[in-house]
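Taking my numbering, I'd label the letters of the sequence shown as residues 859 to 1113.
No lab work stands behind these hints: they were computed from the structure.
Any given hint could be a false lead.
Pairwise CB distance ranges (calculated) [to be verified]: (1) E1036 - D1060: 40 to 50 Å; (2) S1095 - Q1040: 14 to 24 Å; (3) E933 - A905: 10 to 20 Å; (4) D864 - Q1040: 18 to 28 Å; (5) W1113 - E928: 35 to 45 Å; (6) P993 - E1058: 33 to 43 Å; (7) S861 - D1082: 16 to 26 Å; (8) K866 - S961: 45 to 55 Å; (9) H1028 - D1094: 24 to 34 Å; (10) D1082 - G867: 22 to 32 Å; (11) S861 - V959: 44 to 54 Å; (12) A1010 - G943: 39 to 49 Å.
Bear in mind that the values here come from a model prediction, so they are computed numbers and not experimental data.
Backbone N, C-alpha and C define an ideal beta-carbon position, used for all residues, glycine too.
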Amino acid sequence: MSSLFDLKGKTGLITGAGQGIGHAVALAWARAGANVAVLDANAENAARTADELDSIGVRSLAIAVDVSDEIAVHEAVQQVDSELGDLDIAFNNAGIARGEVPSVDMPAEWWRSVIDVNLSGVFYSAQAEARVMLPRGRGAVLNMASMSGIIANRGLLQPNYNASKAGVAHLTRSLAVEWGLQGVRVNSLSPGYILTPLTERDEVADKRAEWISGIPLGRMGTVDDLTGPATFAVSDSSAYMNGHDLVVDGGFVCW
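With the hints as constraints, model all of the structure from the sequences given.
This is the structure we're talking about:
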């Protein structure tokens, strides 16, 4: 059974791997045997994560990249594929939140910046990954969506974030039906309320107790709660899963 989740010999790429969920998943993939490229907008965080991966005994590569920069993303993926090995698996995780103002007052730049990173950045990343995966007829891509793409979170004024994540989920389905017959699976991961720098920021401090009260499991998730699903989604154990949005939210959307 353990071989189903084994990533030994695979080359992986994770965006936004310098902290939070991406960092935790990078460690999990490395412990499962994968060599992992760490892409992050913060070069120092990327290098720190790569050092941790090296200490596990796998190969790593740290690249500073802004996922909203199409050319930089494509160059980074090409670098990973040539220096770390043929790309097998990818987690397009990089994302931001920006707002907490009524929609009628939201500056257009706030809207664009979130869409540029959370949605366009995922597309640029998946597109670049597919360009090296499709000719080989194999690969697994996991895109970071969110519970916020399914529901409108009570008390959170974030139409830019919600729309970006709903877009990721449907982008994932679109890519899955296009690339499936060519051997590349595409799925998305939709976390609920997870303790990360995004949910621990000051603007939402007064909302955390309310969130917990609405979670059937009675707690917010941790980044470690997502490492299993994120490994499953790119491993052989999910070989017949394609175009699926994997919701990991403690049951929040059941209400």
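Status of the hints after comparison with the structure:
1. E1036 - D1060: 40 to 50 Å: Holds, at about 41 Å.
2. S1095 - Q1040: 14 to 24 Å: For S1095 and Q1040 the Cβ distance comes to about 21 Å; the hint holds.
3. E933 - A905: 10 to 20 Å: Since E933 and A905 have Cβ atoms about 18 Å apart, the given range 10 to 20 Å holds.
4. D864 - Q1040: 18 to 28 Å: Because 24 Å falls inside the window, the suggested range holds.
5. W1113 - E928: 35 to 45 Å: Holds - the Cβ-Cβ distance for W1113 and E928, about 39 Å, lies within 35 to 45 Å.
6. P993 - E1058: 33 to 43 Å: 42 Å, holds
7. S861 - D1082: 16 to 26 Å: With Cβ atoms ~22 Å apart, the hint holds.
8. K866 - S961: 45 to 55 Å: With Cβ atoms ~48 Å apart, the hint holds.
9. H1028 - D1094: 24 to 34 Å: Since H1028 and D1094 have Cβ atoms about 26 Å apart, the given range 24 to 34 Å holds.
10. D1082 - G867: 22 to 32 Å: 24 Å, holds
11. S861 - V959: 44 to 54 Å: 50 Å, holds
12. A1010 - G943: 39 to 49 Å: 42 Å, holds
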